[in-house]
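Protein chains: 2
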Amino acid sequence: MKQRITLKEISKKLNVSISTVSKALSDSPEISDKTKEVIKAFAKEHNYKPNNIALSLKNQKTKNIGIIVPEIVHHFFSSIINGVERYATEKGYNVVVCLSDESFEKEVITAQMLANGSIDGFILSLAKETQEKQDFHHLNEVINQGMPIVMVDRVTDHVDSDKVIIDDTQGAFNAVNYLIEKGAKNIGLITMPDYLSVGRLRTQGYTAALENAGLPVNPDHILKLEALNGGQDEIKEFIEANNFDAVFGVTEYFAVTAMKVAQKLGMRIPEDFSVIGFTDGIISQCASPTLTTVSQHGEDIGRQAATMLINRLENEDKHIPYNTHILKTTLIHRESTK
Amino acid sequence: MKQRITLKEISKKLNVSISTVSKALSDSPEISDKTKEVIKAFAKEHNYKPNNIALSLKNQKTKNIGIIVPEIVHHFFSSIINGVERYATEKGYNVVVCLSDESFEKEVITAQMLANGSIDGFILSLAKETQEKQDFHHLNEVINQGMPIVMVDRVTDHVDSDKVIIDDTQGAFNAVNYLIEKGAKNIGLITMPDYLSVGRLRTQGYTAALENAGLPVNPDHILKLEALNGGQDEIKEFIEANNFDAVFGVTEYFAVTAMKVAQKLGMRIPEDFSVIGFTDGIISQCASPTLTTVSQHGEDIGRQAATMLINRLENEDKHIPYNTHILKTTLIHRESTK
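The listed protein sequences derive, respectively, from chains C and D.
First residue of the first sequence? That's 1 in UniProt numbering, and the numbers climb one at a time after it.
First residue of the second sequence? That's 1 in UniProt numbering, and the numbers climb one at a time after it.
There may be inaccurate statements among the hints.
Claimed, not checked - Computed, partial: chain C to chain D, Cβ under 8 angstroms:
| id | residue |
| --- | --- |
| 1 | T89 |
| 2 | L99 |
| 3 | D101 |
| 4 | M113 |
| 5 | I222 |
To be verified - One side only, chain D facing chain C, incomplete, derived with CB under 7 angstroms:
| id | residue |
| --- | --- |
| 6 | K63 |
| 7 | I72 |
| 8 | V73 |
| 9 | G92 |
| 10 | S118 |
| 11 | C286 |
| 12 | T290 |
I should point out that these hints are in silico values taken from the structure, not numbers from a laboratory.
C-beta atoms are modelled at their ideal positions from N, C-alpha and C, and glycine is treated no differently.
Please put together the full structure from these sequences, using the hints given.
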């Protein structure tokens, strides 16, 4: 049987980006006519076909929905998947899960694969790289083709769709405010780069809580880490260099690492040093002492997203305006705070 | 647009099991002619179609592969998925992940959905309920239709396919043997029911290690838990009732729970009480003290399964005999043992 060429292979052979191939094949005005001609001719010659389904079947419902998440070995995203699964199953839908692995290229390929008929619509949380590039053409294309998308947690204003987010700023504000109420005066923040919406918003919440309490905001007290896992050495240096009485980490991993470092430096938790994390996952529950953390209710996010998607699929004839649903976070008190 | 009826809806309307509907529609000899006639007529009347794809497309390669896992909020399974993903991406394949949620019914529906053209083959770890029921018709059907399957970790002799398993018996033997070498004389086992292959095999490894050392095997020293999470009360009772100097838990959750119970009872770990778990996940690494555990190398399992599946897909013309690949486990020494 003749193998079909894939988007990735075309990109490699012609030495252009996946994004360019994808845009050219969908006739995007961003790509020059000459480039489009070359790419289209090459694709035709090599038997390129969008995956999965004859166009004639395109209007048939599959009762499958998709979800694309950046990673899977991560309690928050796997909880979202569980929430989607449970609601979809109740409603008689199957769910297929795909990973972007934080890669823009994989997100483009996966969105295209899903959009080509094997599912009716999908839920997506943006890859880190996509947020960095700010290139969302692949999602807008899917929506223009009539397939609904619901974005969750990592979203963008550049895509017009239903969205489910948590109140990151408020969640971070509440956490830092709680540390201040319990007497902390010198609070460090371990966060992510600003191009990640969750990093930016949680940093804003931290800053707002300090300002609200009349405490100074010192840029040296904010550590921005690129890698989501790792960074032990930076965290150690950060804590050694500052005389913190508390640290707020915007992931549970950052928070637990800070706690371990502080323990090794001989500080008692929570007497000398309090710690709050973000995401109420297994790490927070198993840490010793157990970690006070901002719970994002991942399963609720997933359930809400599936509800919005399936509602839209089952009411295609009605015009439903796009909606952004904001879920509140909860601060779970455990042993790492006073 | 007219909604198509699903397998599940047919099952509900006719008040027969999903399995019966699925068998009837694929003309299984297990189902009476009369029942088959009723189910087929009903399915036809209600516009039932296998999902996703016109039969004419069935022989086209999609360069997508699937993986069905019992659950996703679980380090071992998400590591397997990562291993599959990484190898598949290297080879230019997309991966779709589906959950059976430990349910036989969901496994049947999902296998059928995947087999109907959206992917070229899939990797599967059996649901708890499927192992209990010992009903594998849905997998044998998929294989008979010419779609390759690779089974991982939770496998069965009743399906003829490629398999990737770990040496559960040897892994358990090594763990218990290590406890004995370090002086333990009275070792408890917290395991799963025998119908789960991993429960049965790890129990065999435990028994073999005791016998090998000339220690008695006491059935009261073996606790079999149905629920994979939970069982705190049973574990507490089990440890209080016996004078163990060590416990081997066949999941990391069981092991960490045993450790917490022992700590609350005032025992020092590892001086008074040693613990070993199975699965080197985040729980083992974050526990305090950190947990000595049998690492299953989930990512290697996934990579091996993807290698076997893609190799078979790309050599369809060759006759490759089915192969069972057994991966060795490693005992990771941490603070919960001497």
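Original post:
Given L99 (chain C) was flagged as interface, is its beta-carbon under 8 angstroms from a beta-carbon of chain D?
Top reply: holds, 6 angstroms
**OP:** Verify the interface restraint on I72 (chain D): the C-beta must sit less than 7 angstroms from at least one C-beta of chain C.
**Re:** holds, 5 angstroms
Original post:
Regarding the hint that V73 (chain D) lies at the interface with chain C, is the smallest CB-CB distance below 7 angstroms?
Top reply: holds, 4 angstroms
Original post:
Against chain D, is M113 (chain C) within 8 angstroms by beta-carbon distance?
Top reply: Interface hint status for M113 (chain C): holds (5 angstroms vs cutoff 8 angstroms).
**OP:** With a cut-off of 7 angstroms on the beta carbons, see whether C286 (chain D) makes it to chain C.
**Re:** With Cβ-Cβ at 4 angstroms, under 7 angstroms, it holds.
Original post:
Is the shortest C-beta separation between S118 (chain D) and chain C less than 7 angstroms?
Top reply: It holds, given that the least Cβ distance between S118 (chain D) and chain C is near 4 angstroms, below 7 angstroms.
Original post:
Holds or violated: D101 (chain C) as interface residue toward chain D, Cβ cutoff 8 angstroms?
Top reply: holds, 6 angstroms
**OP:** Mind checking the CB of T290 (chain D) against every CB in chain C and telling me if the closest is under 7 angstroms?
**Re:** violated, 10 angstroms
**OP:** Double-check K63 (chain D) for me: the hint is only fine if its C-beta lies closer than 7 angstroms to a C-beta in chain C.
**Re:** Where the cut-off is 7 angstroms and the nearest Cβ of chain C is about 6 angstroms from K63 (chain D), the hint holds.
Subject >> chain D contact restraint for T89 (chain C) - C-beta distance below 8 angstroms >> reply: Status holds, d = 7 angstroms.
Subject >> I222 (chain C) as an interface hint toward chain D, with CB separation required under 8 angstroms >> reply: With a closest approach of 25 angstroms, the I222 (chain C) hint is violated.
Subject >> Hint check, G92 (chain D) versus chain C [nearest Cβ-Cβ separation less than 7 angstroms] >> reply: Holds - the Cβ of G92 (chain D) comes within 7 angstroms of chain C, reaching about 6 angstroms at its closest.
Violated hints, listed in ascending order, are 5, 12; each of the other numbered hints is respected by the structure.
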